[in-house]
Amino acid sequence: MLTLENVRKAYGARVAVDDLSFEVRAGEVFGLLGPNGAGKSTTVSLGVGLLEPDAGRVDLGGLGAPTRPEVRARLGVAPQALALYEDLTAEENLRFFARIFGLRGTALAGRVEAALALAGLTDRRAERAVTFSGGMKRRLNIAAALVHEPSLVLLDEPTVGVDPQSRNAILDRIVALRDAGLTVIYTTHYMEEAARICDRVAIIDHGRLLALDTVDALIARHGGDPVLVATTSGGTHRESTPDPVAALARLAATATVLDFHVERADLEHVFLRLTGRSLRD
Amino acid sequence: MHAILTIAAKDLRLLARNRGHLVFTFVWPLVTALFFGTIFGGNGDDSGKIPVLLVDEDASEGSAALLAAVGRLSGVDAKANVEGRAAALGAVRRGDATAAVIAPKGYGAAGDRLFAGDPPVIELHVDPSRTAEAAMLEGQLMGAAMERLSDVFAGGERSVRVVDRALVEANTAARPDPVLTGFLGEVKRFVGTRTQASADAAGPAEGGAWRPVAITRHDVKDERDGPRSGYEVSLPQGVIWGMIGCALGFAMGLVNERTRGTLSRLCTSPIGRAHVLAGKGVACFIALVAVQVMLFVLGAVALGVVPGSLPRLIVAGLSLAIAFVGLMMVVATFARSEQSASGLAWALFLPLSMLGGGMVPLFALPGWMQTAGTFSPIKWGILALEGALWRGFGWAELALPCGVLLAVGLVGFGVAARRFDRTA
Numbered sequence: 001m002l003t004l005e006n007v008r009k010a011y012g013a014r015v016a017v018d019d020l021s022f023e024v025r026a027g028e029v030f031g032l033l034g035p036n037g038a039g040k041s042t043t044v045s046l047g048v049g050l051l052e053p054d055a056g057r058v059d060l061g062g063l064g065a066p067t068r069p070e071v072r073a074r075l076g077v078a079p080q081a082l083a084l085y086e087d088l089t090a091e092e093n094l095r096f097f098a099r100i101f102g103l104r105g106t107a108l109a110g111r112v113e114a115a116l117a118l119a120g121l122t123d124r125r126a127e128r129a130v131t132f133s134g135g136m137k138r139r140l141n142i143a144a145a146l147v148h149e150p151s152l153v154l155l156d157e158p159t160v161g162v163d164p165q166s167r168n169a170i171l172d173r174i175v176a177l178r179d180a181g182l183t184v185i186y187t188t189h190y191m192e193e194a195a196r197i198c199d200r201v202a203i204i205d206h207g208r209l210l211a212l213d214t215v216d217a218l219i220a221r222h223g224g225d226p227v228l229v230a231t232t233s234g235g236t237h238r239e240s241t242p243d244p245v246a247a248l249a250r251l252a253a254t255a256t257v258l259d260f261h262v263e264r265a266d267l268e269h270v271f272l273r274l275t276g277r278s279l280r281d
Numbered sequence: 001m002h003a004i005l006t007i008a009a010k011d012l013r014l015l016a017r018n019r020g021h022l023v024f025t026f027v028w029p030l031v032t033a034l035f036f037g038t039i040f041g042g043n044g045d046d047s048g049k050i051p052v053l054l055v056d057e058d059a060s061e062g063s064a065a066l067l068a069a070v071g072r073l074s075g076v077d078a079k080a081n082v083e084g085r086a087a088a089l090g091a092v093r094r095g096d097a098t099a100a101v102i103a104p105k106g107y108g109a110a111g112d113r114l115f116a117g118d119p120p121v122i123e124l125h126v127d128p129s130r131t132a133e134a135a136m137l138e139g140q141l142m143g144a145a146m147e148r149l150s151d152v153f154a155g156g157e158r159s160v161r162v163v164d165r166a167l168v169e170a171n172t173a174a175r176p177d178p179v180l181t182g183f184l185g186e187v188k189r190f191v192g193t194r195t196q197a198s199a200d201a202a203g204p205a206e207g208g209a210w211r212p213v214a215i216t217r218h219d220v221k222d223e224r225d226g227p228r229s230g231y232e233v234s235l236p237q238g239v240i241w242g243m244i245g246c247a248l249g250f251a252m253g254l255v256n257e258r259t260r261g262t263l264s265r266l267c268t269s270p271i272g273r274a275h276v277l278a279g280k281g282v283a284c285f286i287a288l289v290a291v292q293v294m295l296f297v298l299g300a301v302a303l304g305v306v307p308g309s310l311p312r313l314i315v316a317g318l319s320l321a322i323a324f325v326g327l328m329m330v331v332a333t334f335a336r337s338e339q340s341a342s343g344l345a346w347a348l349f350l351p352l353s354m355l356g357g358g359m360v361p362l363f364a365l366p367g368w369m370q371t372a373g374t375f376s377p378i379k380w381g382i383l384a385l386e387g388a389l390w391r392g393f394g395w396a397e398l399a400l401p402c403g404v405l406l407a408v409g410l411v412g413f414g415v416a417a418r419r420f421d422r423t424a
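Note that the protein sequences, when read in sequence, are chains C and A. Using the numbering used here, the final residue of the first sequence is 281, and nothing's skipped along the way. Using the numbering used here, the final residue of the second sequence is 424, and nothing's skipped along the way.
The shape of chain A in the complex, shown without the other chains (with noise of 0.2 Å):
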């Protein structure tokens, strides 16, 4: 045990005096994580909202409703354009806004004629390249439209005076329809009650005006104590980033003191191969431990990513630096030289970190991505650190990640030794 720790200080006291390899390992992982983090959406602020300029041509009640209800809509930022549909237009097409939304001349009167005429217009204007928020959008204008459609049976004066207009309009048609002039009738002596009972109590009457359909939002985040902010996202990301740079340094360490002559000299020591692949393994599981560490406070203190569970991140982070140390172990006795340990880790590491969510976020990969992703244990280990982090994960939902990572690494750790004692 001495000779693994002697071996062990030496590699940790050799990657504190190697800059680069001190940078790789602590600084570029945390570079990751805030470039990640940052697209991602950062700290939950209005970055992640549509850009949308309204803009009024009608400049009456109903436009003013309707882009003020706009204005509310959630996931939108609403901006009023006072320069006009030229303007709103020019920005949307230069991609500085997502949409333009204009109420055109006429969108009032419209609004208030009911059962005739031509219904109310909204220009919808989208960034062509923005297909999937333009249907959002879309869905979230007709909603608003309806807001005011339903206000008109919510009783008042407006309510009045749509319903007198819809009536004279059925009256003075050239072929009245007693049906529709008989319900409009309906419908006036439904609103006149409603109209009355709000001046009597002097407010609106009881129930309020009716709505077809009310949806409620629910964050599924908000229920799983998800992610707060992007950086519990990317923050596990940056880690991974930080374990290949580590293992990487090590793997092309190990494979140094091959080319150099100091492993020859130390299996002519009276330590055995074993020790000295064991060394090399305590000081790459110190350092990667080390490198979580200072993510970790970091993404704590500087990000706010506070873990869900102190316990369970410690034991998801020792895992993957178990795996990591595995991974190194196999890299290193696999290859003869510096560049082609190099190689072989990026070209090991690269495909399981874009199947295993490292570069982008598994949610955003196609599914038959996600499904190879199950076969990388980059994946589990993002998962791992998320279902500590954010996920909520209990023991023994984190039993799998948790496994299959130790797993890595003693299989890991079994192909190196074998390999080691054989080409040492």
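Extracted from the complex, chain C is given alone in its bound form (with noise of 0.2 Å):
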């Protein structure tokens, strides 16, 4: 659906982006890692035709760059920032956008209906953006990235300062969206949200790609054996290996095991492994 090719994006003598290449692919749910600073926005900004490269390839769908309108025509945005207008309602705010987009009448109002009903917000259409609260403002910003149905749609960051309620509200549709064939390029600082929705993950730092493949795959190559906590009568156990039944077998056989439990290394581990425990800006 999405592909870049030994991309390169560079302000002046520094690099953001340095031959990027990865696939997006059709219907997935693409999550795209990375600490601050590592080229994730500058990458986003490729993908959905904000920036063009200054070498290699970006081609969406086979349609070409997305810097070109009609190809972004089948792009939805949902930025970081809360990009609605607070002064229009959220039937304005949609209906804005949808026309935006090319669509009219009933096409139109069925599209808004749809994405009211996506948001959650059919009850609240008639009041401002700028009454609701920060969980419905996160759903109008999403439900206006889909409300003209776009083949790609790119969510960044869409559950920052949300209640947990909205956030489970909001990863739920945005599965569902994927399992209605829509393809998701996911951005989170919140590992837990990517193992959960991520079909695939990319994780890059310093403008490269580090890792990318599912996350039971990348916790499998990048996370380490599990490690076999035990508690016996003569003390607490800890022993890594790849095999943790066949271990405690052979520590209950030369101790009382009075505990256990396994630990298993999770995406946030291969994350800190991958890219560093240094703090970064």
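Be aware that a few hints might be false.
Stated by the list, open to error - Pair by pair, the computed Cβ-Cβ distance ranges are:
no.	chain 1	residue 1	chain 2	residue 2	range
1	C	Thr-131	A	Gly-394	51 to 57 Å
2	A	Ala-399	C	Pro-69	35 to 41 Å
3	C	Asp-172	A	Gln-339	36 to 42 Å
Derived from the structure by calculation, the hints contain no laboratory data. Backbone N, C-alpha and C define an ideal beta-carbon position, used for all residues, glycine too.
Join these two chains into a complex; the hints should help.
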């Protein structure tokens, strides 16, 4: 659906994206992870046509570069900032963005209704966005990216600042959209969200792709072995092993096991292992 | 085009819902027009005249005639001060009146003496801060006194009495001047002839009183169909402030789109950056025209400001709107935040307005400022509006200011589009 091939982008002497290549497949939720300053925003901007690469190629669905307006018609973008007009109502916001994407008449009305329903704002359609809670604004922000039925939607940290209920609702709807055939690029700093909904995850840092695979595969490849933690009469026993069951059996043969659990690596562990623990800007 | 109109409609809706912006755009310019219009003379009533108090200490025919003549002077709002000299001087000291004219004791008698004795004295007491008015008053007083003197040669009872007295004083002088007595004798015969002619004709002799010079006043505004009131001068200023307020609001709106992220969203839609900018421009243009329509309609209905030429006013107004759209876009595309947009806008518009006559009328500015104003589009905007309102500009005269305004608008749009393409 979206292909970046050997893409490079620099701002003066600073290289933001360096020889980056990956492909987002149709119908998947593609997680794009990276610490602050990793080049994530530049990658996203290149992917949606806000920036032109200095070198390399970006292609959307075989139609060409998204810098071309007709190619961008297939895109939907929900920026991290709440990109809404607060003095317009929920419905007016959606109608405006639908019109910008060329919708008219009954098609426009139908899509606005669907987007309002998706955002759970049908009953609040006539209220101005400025009166909405953070969660409602986030949902409206996503709905505005979907109102024209794009093939690919970019959701840039769509759950920042929302309560657990709204977060769950947003994640469930993203999965539902994916199941309906929509391709989603999802950027977040919440690793558990990425692990929950992303089919594949790309981790980038310093403008380069560090890893790209399913969450399980990334953990398997970069997470290290599981750690068996057991409490015996002789004290606490920790053992990193590819087969915790066998290790537990061996331990039980030599000591009385009072308690045990297995610590498995998660996506955050992988992320920190790949990108390091030093603080970023 | 659909996208441009969609953006324009959205921006106008946002404008309508922003009370602060609405007040600044529509109410503030009206207040400005009323304020400055009132300062510069309002509807042309007596408020623009010089307040002068008259004190008659002589209580003679001559002093009464002089003060009556002063009361008839144009540009003077004369009031007889019944409480006398002290009260009149106190009023001038307090600034309640610009001047006091006092005819002291002996004025009438001195005025009836020809070619002898001390001249009649008229006291003019003025507020020292009003030197220009004082000089004008002094000249007008001299004229009124000369009028009284010239009446001596018009014939009539007073003429005879004054000349007879002058002859007696000349003949009884310690060293009589035969030339003067001879001359006065001729005058007596001349006055007698004119007095007899007046009596025969049961009216003044042909020619009336002789005047050394007659000054006829013609206000240039009358010949040029000029401003009938201060509001015709101040309304274009109010319009300019409306333009500034409106353009500033739209510039802030465009910057706000950038900071809120809606601009990024628009730039990832199928429309181009030029469409976004053009949509803003169309909305701003419509709002600017609406401000002008509202102000000129109010001006016509409430202030009596009727344009000399409606078609020319429309062309001037549209040109002004285009210029301000260009200036708005420049401000919006060079500012990175709402605060910087506001700062940049005022840093741009305030000096342009000061130099261009947007705050103080051009004629009241020093010469160098009037010259510098040539570089301010505000000046050309006011000139275009005044040209259509009351200066009686023809199409050829209107072409220069309107051409400058159109050029400002086009250059502004070009600069902004180039900048916007790089920074949006």
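Tested hints:
no.	hint	verdict
1	C:Thr-131 with A:Gly-394: 51 to 57 Å	holds (55 Å)
2	A:Ala-399 with C:Pro-69: 35 to 41 Å	holds (39 Å)
3	C:Asp-172 with A:Gln-339: 36 to 42 Å	holds (40 Å)
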